[in-house]
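The residues making up each chain are set out below.
Protein chains: 2
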Amino acid sequence: MKNKLGKQTFLYPLKPRIVGAYSIVGEKEGKGPMAKWFDMILEDDTFGEKTWEKSETKMLKQAILQALQKSGRDKEAIDAVLCGDLINQLMSSSFMARDLSIPFLGLYGACSTMTEAMILGSLMIDGGYASNVIVGASSHYCTAERQFRMPLEHGNQRPPSAQWTATAAAAMVLSEFDKGDAVVTQGQSMPQGQYVKELYITHATVGKIIDTGMKDVNQMGAAMAPAAVDTIIRHLTDTGREPGYYDLILTGDLGLIGKEIALDLLSGAGVEIADVFKDCGAMMYVKKQDTHSGGSGCGCSASIFSGYVYREMRLGKIKNALLISTGALLSTISSQQGESVPGIAHAVAVTTEGVK
Amino acid sequence: MKNKLGKQTFLYPLKPRIVGAYSIVGEKEGKGPMAKWFDMILEDDTFGEKTWEKSETKMLKQAILQALQKSGRDKEAIDAVLCGDLINQLMSSSFMARDLSIPFLGLYGACSTMTEAMILGSLMIDGGYASNVIVGASSHYCTAERQFRMPLEHGNQRPPSAQWTATAAAAMVLSEFDKGDAVVTQGQSMPQGQYVKELYITHATVGKIIDTGMKDVNQMGAAMAPAAVDTIIRHLTDTGREPGYYDLILTGDLGLIGKEIALDLLSGAGVEIADVFKDCGAMMYVKKQDTHSGGSGCGCSASIFSGYVYREMRLGKIKNALLISTGALLSTISSQQGESVPGIAHAVAVTTEGVK
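Chains as they are written, first to last, in my numbering: chain A, 1 to 356; chain B, 1 to 356.
Don't read these hints as lab results, they were simulated from the structure. Just so you know, not all the hints are guaranteed correct.
Identical copies carry no separate label here, and so any pair may be met within one copy or between two of them.
The calculated lysine-lysine pairs, modelled on BS3-like cross-linking and capped at a C-alpha distance of 27 Å, are [said to hold, decoys possible]:
no.: 1; residue 1: 319; residue 2: 287
no.: 2; residue 1: 4; residue 2: 70
no.: 3; residue 1: 319; residue 2: 7
no.: 4; residue 1: 278; residue 2: 54
no.: 5; residue 1: 75; residue 2: 4
no.: 6; residue 1: 288; residue 2: 319
no.: 7; residue 1: 70; residue 2: 7
no.: 8; residue 1: 7; residue 2: 36
no.: 9; residue 1: 197; residue 2: 278
no.: 10; residue 1: 319; residue 2: 215
no.: 11; residue 1: 75; residue 2: 2
no.: 12; residue 1: 278; residue 2: 2
no.: 13; residue 1: 7; residue 2: 50
no.: 14; residue 1: 36; residue 2: 2
no.: 15; residue 1: 2; residue 2: 70
no.: 16; residue 1: 50; residue 2: 215
no.: 17; residue 1: 7; residue 2: 287
no.: 18; residue 1: 7; residue 2: 75
no.: 19; residue 1: 54; residue 2: 7
no.: 20; residue 1: 75; residue 2: 31
no.: 21; residue 1: 54; residue 2: 215
Input sequences plus hints: build the corresponding full structure.
Structure follows, in structure tokens:
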């Protein structure tokens with residue numbers, strides 16, 4: 001186990017690079033505070049399709065193909081696509097990938113899916129099994145509402161603790177390290193001269209399922225916060241890093257309430273991360289957008305990382321980031337059968353520093 | 001890419017070992033021709049639980065914990081659990097894993113899930129990221145029927161091309177190669193002196209999604225056969241092997257009809273595998289059990305490989321096996337929206353030979 005640190009953390013000695021990223025969001029997300037970081041904002045969340053599911057599928061495909069284009073690579077150079085979404089049987093991912101003709105692996109980690117894909121994609125590259133891998137994830141407010149909650153036409157009320165499933169898809173191309181190639185890619189995908197830094201994935205911490213017995217399906221942040229805390233502490237312990245090592249510790253979608261719970265739990269454990277802590281769910285919308293506790297969905301942390309964080313890192317404004325996407329592993333039938341909501345969180349460490 | 005062969009095949013130079021396997025099946029599967037190979041046969045498919053979903057969850061947990069016990073390893077030695085099932089949002093896998101306290105990665109490949117888990121688990125071990133990994137998959141006739149088809153109470157008729165979702169769960173422990181340990185494990189997990197051989201995973205071929213436009217959800221075998229054929233041909237091309245290299249080429253669950261289609265398609269492509277070709281779906285039941293075209297479900301190929309193939313290989317009766325689990329990546333909503341059925345198939349090569 002030459003590439004494992006501590007109990008749950010993978011070390012990627014070859015530091016897979018992120019060589020292309022693309023994010024596409026819906027109308028509401030395009031009116032939020034993160035709008036300027038996304039590559040594409042839909043004017044109409046149907047994206048010209050007849051069903052919400054087909055719209056989400058098209059969004060994910062757009063993200064995958066555009067991330068590929070930004071990477072400067074041909075489709076034939078891609079060894080595998082790893083992605084997932086929230087729709088039953090991963091409909092968006094499977095139907096997105098059916099015309100790609102690229103080896104496909106479907107993943108399900110609820111809203112933690114993007115980090116799960118990054119972890120496994122990085123393994124493939126770091127281990128010498130692949131040169132280029134695409135990772136992606138998507139969610140859509142309208143597909144999630146009708147599958148998990150109520151028909152949209154019902155217009156049901158939502159409690160203040162509820163989160164809003166983001167209409168968002170994102171993808172990234174991970175690639176083996178090659179310094180010469182890095183310059184070419186930078187020129188092709190980011191013509192702006194200010195994008196001077198390259199992103200490298202160095203570590204990943206695979207999370208355990210944490211279930212505190214919480215049964216309120218309108219309290220996803222509370223269900224996921226203990227998993228995020230467990231993974232953050234485990235990551236810091238395994239790597240021997242202090243929270244201050246990171247310029248940004250970014251959880252997936254704990255939302256406004258879950259973020260506070262996570263901070264409290266971490267503080268109680270003697271881990272102070274407030275100075276560098278952000279949460280994608282808390283960042284996606286502003287209060288007047290009526291999304292209550294904030295954003296959620298696979299696409300939430302996927303699009304904010306692929307949009308905001310990716311660009312800020314390329315600009316050299318963030319040097320070390322830890323992304324911890326969080327997932328609530330419930331289903332309608334588990335809730336109907338009186339079950340609680342298991343949470344999970346996986347962490348990925350990304351840096352622009354210290355790579356030859 | 002030192003560990004990739006051809007276009008789609010991973011090479012595992014360190015040859016991860018299968019050091020424990022366990023299969024548990026339902027009452028009907030226990031009356032079929034494969035019965036003697038399973039570790040446990042339920043007398044009652046509820047397994048003492050109040051719901052079918054909880055029964056499936058319990059079956060998968062039983063498989064995971066018993067495979068672990070057979071491996072002679074402690075839970076603390078397991079670096080990750082990789083598994084999946086057919087229930088929405090992977091309910092069986094997530095709820096199974098919530099008490100395990102082992103890092104968890106959820107996978108969805110429909111009935112191809114077991115090979116997907118074996119591929120990714122082997123990557124972790126071969127790449128030096130893990131010492132021991134558990135892979136698993138499950139399905140249950142009653143959870144699948146009510147989710148994908150009709151309420152059981154409806155007693156609807158099934159066309160002759162339909163397959164029967166197997167009530168079955170299975171798990172295997174994959175481990176890094178260590179000759180000294182191999183002997184100990186063999187003694188602990190298989191006290192019978194005749195289990196003289198060790199199993200090693202040497203290659204994996206990750207499949208592409210193949211969608212021929214077939215829309216009949218009662219023709220899963222026909223939907224998956226082209227994907228199986230594509231992956232088999234790709235595997236043979238990438239590895240430079242002839243079909244006769246394998247003592248057994250075992251597809252997941254094409255069933256009686258899909259198996260014939262696959263043989264026809266392969267024959268048309270000049271690839272003759274009939275001498276060594278079997279299909280788990282075609283093996284699981286006999287005609288009088290009224291399962292029409294045969295078995296299906298994640299648990300079908302998982303339990304037949306973990307039961308029959310694992311034992312036959314340990315006995316030295318099969319030296320080289322290629323398992324190609326096949327998945328139909330549809331959902332109820334994709335069918336309702338008029339979509340066709342995308343198929344996928346992943347292959348894993350297992351040997352008892354040529355390892356020092």
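| field | Homo-oligomer pair classification [residue 7, residue 54; C-alpha up to 27 Å] | value | neither (41 Å within a copy, 30 Å between copies)
| Is the C-alpha distance from residue 2 to residue 70 at most 27 Å within one copy, between copies, in both cases, or in neither? | between (33 Å within a copy, 26 Å between copies)
| query | Using 27 Å as the alpha-carbon threshold, which applies to residue 7 and residue 75: within, between, both, or neither? | reply | Between copies only: 12 Å across, 36 Å inside.
| request: Please work out whether the CA atoms of residue 197 and residue 278 approach to 27 Å or closer within one copy, between two copies, in both situations, or in neither? | output: Close inside one copy (22 Å), not across copies (53 Å); limit 27 Å.
| task | Indicate which option fits the pair residue 4, residue 70 if close means a Cα-Cα distance not exceeding 27 Å: within, between, both or neither. | result | Only across copies: residue 4 and residue 70 sit 25 Å apart there, 32 Å inside one copy, limit 27 Å.
| query | Are the CA atoms of residue 319 and residue 7 at most 27 Å apart within a copy, between copies, both, or neither? | reply | The answer is within: 26 Å in one copy meets 27 Å, while 35 Å across copies does not.
| said: Regarding residue 75 and residue 4, is the shortest C-alpha distance of 27 Å or less found within a copy, between copies, in both, or in neither? | reply: between (32 Å within a copy, 17 Å between copies)
| said: At most 27 Å between CA atoms: does that hold for residue 54 and residue 215 within a copy, between copies, both, or neither? | reply: between (31 Å within a copy, 17 Å between copies)
| said: At most 27 Å between alpha carbons: which applies to residue 319 and residue 287, within, between, both or neither? | reply: neither (30 Å within a copy, 64 Å between copies)
| Using 27 Å as the alpha-carbon threshold, which applies to residue 36 and residue 2: within, between, both, or neither? | Neither: 41 Å inside a copy, 40 Å across copies.
| query | Given a CA cutoff of 27 Å, do residue 319 and residue 215 count as a within-copy pair, a between-copy pair, both, or neither? | reply | Neither: 38 Å inside a copy, 50 Å across copies.
| task | Pop the pair residue 288 and residue 319 into one bin, within, between, both or neither, using alpha-carbon distances up to 27 Å. | result | Neither: 32 Å inside a copy, 66 Å across copies.
Hint check: violations occur at hints 1, 4, 6, 8, 10, 12, 13, 14, 17, 19, 20; the rest are consistent with the structure.
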